[in-house]
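Per the working numbering, residue 840 is the first one in the sequence shown, and the count goes up by one each step.
It should be emphasised that the hints constitute simulated quantities derived from the structure, not laboratory data. It cannot be assumed that every hint is accurate.
To be verified - Under the rule of at most 27 Å between Cα atoms (straight-line distance), these lysine-lysine pairs were calculated in the DSSO-like manner: (1) K862 x K915; (2) K899 x K915; (3) K881 x K915; (4) K922 x K881; (5) K899 x K923; (6) K923 x K881; (7) K923 x K862; (8) K881 x K862; (9) K922 x K862; (10) K899 x K881; (11) K922 x K899.
To be verified - What follows is a set of in silico ranges between Cβ atoms, one per label pair, in the way DEER data are often shown: (12) K922 x T898: 12 to 22 Å; (13) P851 x D886: 12 to 22 Å; (14) G853 x G887: 12 to 22 Å; (15) Y858 x G901: 11 to 21 Å; (16) E849 x E869: 18 to 28 Å; (17) G887 x D852: 29 to 39 Å; (18) G853 x T888: 26 to 36 Å; (19) W891 x R911: 33 to 43 Å; (20) V889 x L845: 25 to 35 Å; (21) D852 x D886: 13 to 23 Å; (22) E868 x L845: 27 to 37 Å; (23) K881 x M856: 29 to 39 Å.
From a predicted model like this one, the values you see are computed outputs, not experimental measurements. Just so you know, even glycine gets a beta-carbon here, dropped at the ideal spot from N, CA and C.
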Amino acid sequence: MGGRNLIIVEYPDGSSMVYEAPKESEDIEEVTSEVFEMWNLKIRNRDGTVSWMRIYAPTKDGEVIIRTFDNRLRYKVRRSDVKKDTLTRKWME
Numbered sequence: 840m841g842g843r844n845l846i847i848v849e850y851p852d853g854s855s856m857v858y859e860a861p862k863e864s865e866d867i868e869e870v871t872s873e874v875f876e877m878w879n880l881k882i883r884n885r886d887g888t889v890s891w892m893r894i895y896a897p898t899k900d901g902e903v904i905i906r907t908f909d910n911r912l913r914y915k916v917r918r919s920d921v922k923k924d925t926l927t928r929k930w931m932e
């Protein structure tokens, strides 16, 4: 796709969003949530560095697929699997 590093997020309701990653992604290391509407992806890049990307959380439960355009990276996660960022959540209470 012309030098762009795209991440596609497929939601349980059949919708999808396309995000542009800062570098070429190799793997998703972690998915965390500090607020209910957004998830944070910790992405390991092909050059060995790490990037963080914020994506919209699904509106309903079910499997979310996070992948690259060419399916080289494919990661499946459910809302119940997402780690909660307790420090930020405590601050919001």
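Consistency of the hints with the structure:
1. K862 x K915: holds (20 Å)
2. K899 x K915: holds (15 Å)
3. K881 x K915: holds (14 Å)
4. K922 x K881: Roughly 12 Å between the alpha carbons, so the hint for K922 and K881 holds.
5. K899 x K923: holds (17 Å)
6. K923 x K881: Holds: K923 and K881 sit about 14 Å apart, inside 27 Å.
7. K923 x K862: Cα-Cα ~25 Å, so holds.
8. K881 x K862: holds (12 Å)
9. K922 x K862: This hinted pair holds, its Cα atoms lying about 24 Å apart.
10. K899 x K881: Cα-Cα ~22 Å, so holds.
11. K922 x K899: holds (17 Å)
12. K922 x T898: 12 to 22 Å: Given a distance of about 20 Å, which is inside 12 to 22 Å, the answer is holds.
13. P851 x D886: 12 to 22 Å: Since P851 and D886 have Cβ atoms about 32 Å apart, the given range 12 to 22 Å is violated.
14. G853 x G887: 12 to 22 Å: Given range 12 to 22 Å: violated, Cβ gap about 35 Å.
15. Y858 x G901: 11 to 21 Å: With a Cβ separation near 19 Å, Y858 and G901 satisfy 11 to 21 Å, so the hint holds.
16. E849 x E869: 18 to 28 Å: The hinted range 18 to 28 Å holds for E849 and E869, with Cβ atoms some 19 Å apart.
17. G887 x D852: 29 to 39 Å: holds (35 Å)
18. G853 x T888: 26 to 36 Å: Holds, since G853 and T888 (Cβ atoms, about 33 Å apart) stay within the stated range.
19. W891 x R911: 33 to 43 Å: At roughly 20 Å between Cβ atoms, R911 and W891 fall outside 33 to 43 Å, so the hint is violated.
20. V889 x L845: 25 to 35 Å: Distance hint for V889, L845 is violated at roughly 18 Å.
21. D852 x D886: 13 to 23 Å: violated (34 Å)
22. E868 x L845: 27 to 37 Å: violated (19 Å)
23. K881 x M856: 29 to 39 Å: Check failed, 18 Å falls outside 29 to 39 Å.
The structure fails hints 13, 14, 19, 20, 21, 22 and 23 (numbered hints given earlier, in ascending order).
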